[in-house]
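Top line first, the protein sequences correspond to chains A, B, C and D. Numbering of the first sequence is given in our numbering, commencing with residue 5 and proceeding in unit increments. Numbering of the second sequence is given in our numbering, commencing with residue 4 and proceeding in unit increments. Numbering of the third sequence is given in our numbering, commencing with residue 98 and proceeding in unit increments. Numbering of the fourth sequence is given in our numbering, commencing with residue 44 and proceeding in unit increments.
It is worth saying that the hints were derived from the structure and are not from the lab. Glycine included, C-beta positions come from ideal geometry on N, C-alpha and C. Be aware that one or more of the hints could be misleading.
[To be verified] Now the in silico label distances, taken between C-beta atoms and shown as ranges: (1) A:Leu194 x C:Ala633: 54 to 60 Å; (2) A:Leu34 x C:Ala171: 51 to 57 Å; (3) C:Leu301 x A:Glu195: 57 to 63 Å; (4) C:Leu323 x A:Leu194: 53 to 59 Å; (5) C:Val272 x D:Glu184: 50 to 56 Å; (6) A:Pro87 x C:Ile634: 46 to 52 Å.
[To be verified] To give a feel for the contact side, a few chain A residues facing chain C, derived at Cβ under 8 Å: (7) Met33; (8) Glu78; (9) Asn218; (10) Gly319.
[Claimed, not checked] Residues of chain B clear of chain D, computed beta-carbon distances all greater than 12 Å: (11) Glu41; (12) Met103; (13) Leu104.
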Amino acid sequence: MQERVYHSYPDLLLDAEGEDLADLRTEEMLINMGPQHPSTHGVLRLVLRTDGELVLEAVPHIGYLHRCAEKIGENLAPYQFIPITDRLDYLAAMNNNYAFSMAVEQLCGIEVPERGRYVRVIMSELNRIASHLVSFGSYALDLGAFTPFLYGFREREYILDLFESACGARLTYSYITIGGPALDLPEGFLENLQQFLDYFEPKIDEYNQLLSYNHIFVRRTAGVGVISPEDAIAWGLTGPCLRGSGVRWDLRKCMPYDIYDRFEFEIPVGVPGGSDGIPRAVVVGDSWCRYFVRIAEMKQSARILRQCLEQIPDGPVRAKVPRVLKLPSKEVYFEAENPRGQLGFLVVGDGSPIPRRVKIRGPSFCNLSIASQICRNVLVADIAAIIGSIDVVMGEVDR
Amino acid sequence: MLSIGLVHYLTLSTLLLCCGLYVMTIKRNAIGILIGAELVINAAAVNFVVFSRYGAGSADGQVAALFVIVLAAAEAAMAIAIFVNYYRVLATIDADAGDMLKG
Amino acid sequence: MSTPDSCDRRVFQAEDRATRAVRGFTLLGAIFVLVCAILAFGATRVSGVAGLLAGLLAAGAGGLAGASLLIALAVRFREPLGRLLARVAFPIFMVAVVATVFFAWVPALLYEEVDRLAGSVSTASGEPRQMPLGVAEIRSYLLGSCGVGSAWVATLVASLLWLLQFGLVRDLITVTGIVVFVSLVAMFGIWWERKVAGRIQSRLGPMRVGGWHGWAQSLADGLKLLQKEDIFLSGADRPLFYLAPYVAFVPALSLFSVLPFSAAWVCRDLEIGLIFILALLALGVLGVLLAGWSSNNKWSLLGSMREACQMISYEIPLGFSLLVPVMSVGSLRLTTLGEVQANGFTSWVAFASPFTLAAAVIFFIGTLASCKRAPFDLPEAESELVAGYHTEYSGFRWALFFFAEYAEMFAVGALATILFFGAWYSPLPAAWGAAWERGPIWQRALHGILFSGPLWLIGKSLFFVYLQMWLRWTLPRVRLDQVMFACVQVLLPLALMVLAGNSFWQLWVLPQSGLARLANLVCAVLGALVLVAMLAIIVYARVNRRRLVGSLVVEHLPGA
Amino acid sequence: MSEAAMFYVFAAVAAGGAVGCVIAVSIVRMALCLLATLGAVALLYFLLGADFLGAIQLIVYAGGTLVVIVFGIMLTSQGSAARFLPRRGEVVAGLLVSAGLLAGLTAIMLRTEWPQAGAASEASVLHLGSRLLSTYLVPFELASVVLLAVMVGAAYLARPLAGRRTGSGHEG
């Protein structure tokens, strides 16, 4: 198993020692995949060195969506920076708000009321599902299956409706802010959420039947873009990319923050094929595992949401936070488990209302870093499969 | 000139033959040479069919042309296999580059 | 008066443009009227060929004048006209479809009449008539033996029939019919694909253009594409770039020239029709290859290379699977291949033996690959190769590739129907309808609907087109090496085995009629079960579509 | 008369394609010209009543030319057609040889007494097939043996080079 770590076609290309096995080397081409390309999920640019259909090397070029988020953070009060965090990983804006708010709260020592904490968890788990639904749908699209994309968006639409009822926005919410959510949940939100969960959970099995266990899908993703656990850790991968490699690491479980220690849930990880109905061709750490971890995480998120529905107390949602928040002269680094991995905020205060430094650790950025290594000696079609399984959001990579 | 006879077809096939010959002589791209050979072979096939139509009036010429097509396909397959090997050794398909045997 | 805001200004500009258009077209019409008058005057003065030419030109100018004036009128009264059209467009469209179907029969009837006439014996001289017949002769025949009352009608019909004696005229009519049919099929196919996709994806698909379920969407798209800029790239190989869409489209169109719609409805019934169709299918690939190469775009090049690899490989199992019915029937002529399946469901070639059934499946998979349909749509894989070979094409040239694709989809569906699934015959045995075939016109029409006729072929071909769409919107795309693997290591040995098995069947099993009959029945029942299962799925999904989507989403999304 | 018109059109396309092969520099254009010639010749076969042969020519050569184009593209990069331009001396020699051949053959052809249009052959597919399996059985079988040999030979020649293949469990 170890000998087919980075390349899925040893007999086509290179063997384990990296010796050249290609039977006919034709003239090489340099191809720009992106920044405008359907399967680079935004403005990622990959420069591919190909020999026919074979990609010998893929070099990611980033920065097309750079908006100086960190620099902006040094010039705005934390409240004002919340809308900027929305635009990092724009598919999981709630989680970004959450992580930044937590960082600032830790810096200033703000205690959020119980109900507020539950609302935040509800929102971030819902957004995790929404984000994974997009990932599921667009991954199917990358592999040429159009229909799951629409199904994913159909379900996500309902989550967006819930968000809209809570905060009026459908993509960039700025709902969770420093000291708790900006508003209490609207009337009927929890009932709607219950209804949604009842509707949504059976759908996950449908996705599995439609796509996850589809023979072609498995053949396209299993054994493609394999990342060993050692490499995953060495390259600083987090989130489903790390868990897909079989590393049982989830901040919500391993270093529980906020109230995550109150919920029962599992950390889905990539497992070798052949067991529990996992297709036989699956190798730990391949694209299929990364994909399937997301599907399994949606189930776990739904589980957390159900527990939230049972536990959520009444009361205020927001802590009393001064209008002008003076940041003490110390620094706090806080990481939260986002849909794409660990989103970290380093906030350095100097006694003024404006932070001296805001550093963002974007999980997509770190996850993308391994792309050039696993996109070596694969077919062009696999590039789409690999990049899609890493599931980057360029807003977060470029910041 | 309105009634088409043997001579018309033969003129055409002669032209094809000479063009093919010329292509085979001057092209340095090995695949170009193959293309010339195909032209020559096709000229021969045309002649077979024409003679069968205007000459004997039997299907024999057509059978011969059929064999010609089959053999041309075989020749092309062989030639391309050779070119692939040639390319692998010399990293070009310039026919002039293959002069290692001249000592 | 207040200054108009930007929205109003846009309206004003549109008004201005319309006024200018009215004025321009009126002027154009006036000029054409003038030209027409001058030419007509000249035609009356000059005799001989020049006069004839002038007369023809005058007629042309008159037509152009009429068209210009009509356009001017239409633009002038566009608002009431638009309102009227929105109300009556769909009925008009339906009437037009029915009329087209009806009038498609008329030339066929007329051909028959002409042939009968030519074969009959002259009443005057008692000798066989000589082709071509004179108008007067036909007219007298019509007046005499056909019982046409009015002399005026007889003259009109006679001049029509006179024209129809000539092969060239018939071919012109047939070719026009084919072109119209292919365009209709392509436009319908594109609209249908979008509707099918919409339904599969729990949405509606096009709903706006034309009123009823967006029926005019393809028409509107076509008009839009015609208006678009014909983009040409500076680095492209100009002649090849311009040529490629035609190289792709012409073979797809030519397919229909040998494709029989029924035993009588065929433009050219070639003895080697099947091989000819195979050749044309192979030629269509060249257009794709040229398009990809000449675009000077690496994505396009990759797409076209994929197409070439795929097509070359899949042609082999495709050809082998075609040999199976050829072996069973013993002919390469498509009408002969179709006619052996007249006796109902069990006589269909696909159900003759297990091997023919397998051949039908192999053929269908092969056609998926040769039509670049999912899961074999690698040449235009949009998530990998942007748009593959047609990345750099725009406007009409781009539309030609689509026309070619949908025409080919229909053609291979028709081919599958002709070779394996009963051609233009209904599942009912022909013996039941034999009496109606020679009856009065209504019985003949009913026979055409119930037992055999182009409608059956078109219907069954559309079913295969639907199957292709179903697969496309369900399955992910396979990878290039898997495509090759599936062909060389799975389909090809399978096809060879099927071929060998079928010859074994022909030699050893077929003479033992009991065994053959049993296998035939089993296969037919199997096929019927598959069909019933498919229909059941469709009906189930249709009936339960709200439940399949979920109550929540039904409330949320309109019309899901 | 229509036959004559068709002959002239097809012959013009065939000849134009052949001349195009001579003129074209890019290998893809050459292949396209070849295809035009072969297609026109196939149409001429139809005109000569050899329908089967015409269709076979279309299938075999369409596929064959496709392969040629594919390899042409694979083995030559797009911009380097100039690399393969012939030298002047070669052009002169080639022109001399082929023009001489053309002149000689034409002269012979014009001097020869050709039989005037014989009877149209009844070469239906059936007829052709039965001839192949009776009179021409031996050449037919030989052709299949040749094809088999070519298949094996081509596969052997184009195989991945042995010895470079190590360690992956496949023996070259």
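Hints, verified against the model:
Our hint of 54 to 60 Å for A:Leu194 and C:Ala633 is violated, since their Cβ atoms are close to 40 Å apart. One distance hint, 51 to 57 Å for the beta-carbon pair A:Leu34 and C:Ala171, holds here, with the actual separation near 53 Å. A hinted range of 57 to 63 Å is violated for the C-beta pair C:Leu301 and A:Glu195, which are about 29 Å apart. Hint check: C:Leu323 to A:Leu194, Cβ distance near 55 Å, so the stated range 53 to 59 Å holds.
Separation of C:Val272 from D:Glu184 is about 43 Å and departs from the stated range, judged on CB atoms against 50 to 56 Å. Between A:Pro87 and C:Ile634 the CB atoms are about 48 Å apart, so this pair conforms to the stated range of 46 to 52 Å. With 8 Å as the threshold, the beta carbon of A:Met33 comes within range of chain C, its nearest partner Cβ sitting at about 6 Å, so the hint holds. A cut of 8 Å between beta carbons decides the hint on A:Glu78: the least distance to chain C is about 39 Å, and the hint is violated.
Because the beta carbon of A:Asn218 sits about 6 Å from the nearest beta carbon in chain C, less than 8 Å, this interface hint is met. For A:Gly319, the shortest C-beta to C-beta distance to chain C is roughly 29 Å, which exceeds 8 Å, and the interface hint is violated. A beta-carbon of chain D comes within 12 Å of the beta-carbon of B:Glu41; the shortest separation is about 6 Å. Non-interface call for B:Met103 relative to chain D: holds, since the shortest CB-CB distance, roughly 17 Å, exceeds 12 Å.
In this structure B:Leu104 is separated from chain D by more than 12 Å, as the shortest Cβ-Cβ distance comes to about 18 Å.
Comparing the model with each numbered hint stated earlier shows that hints 1, 3, 5, 8, 10 and 11 do not hold.
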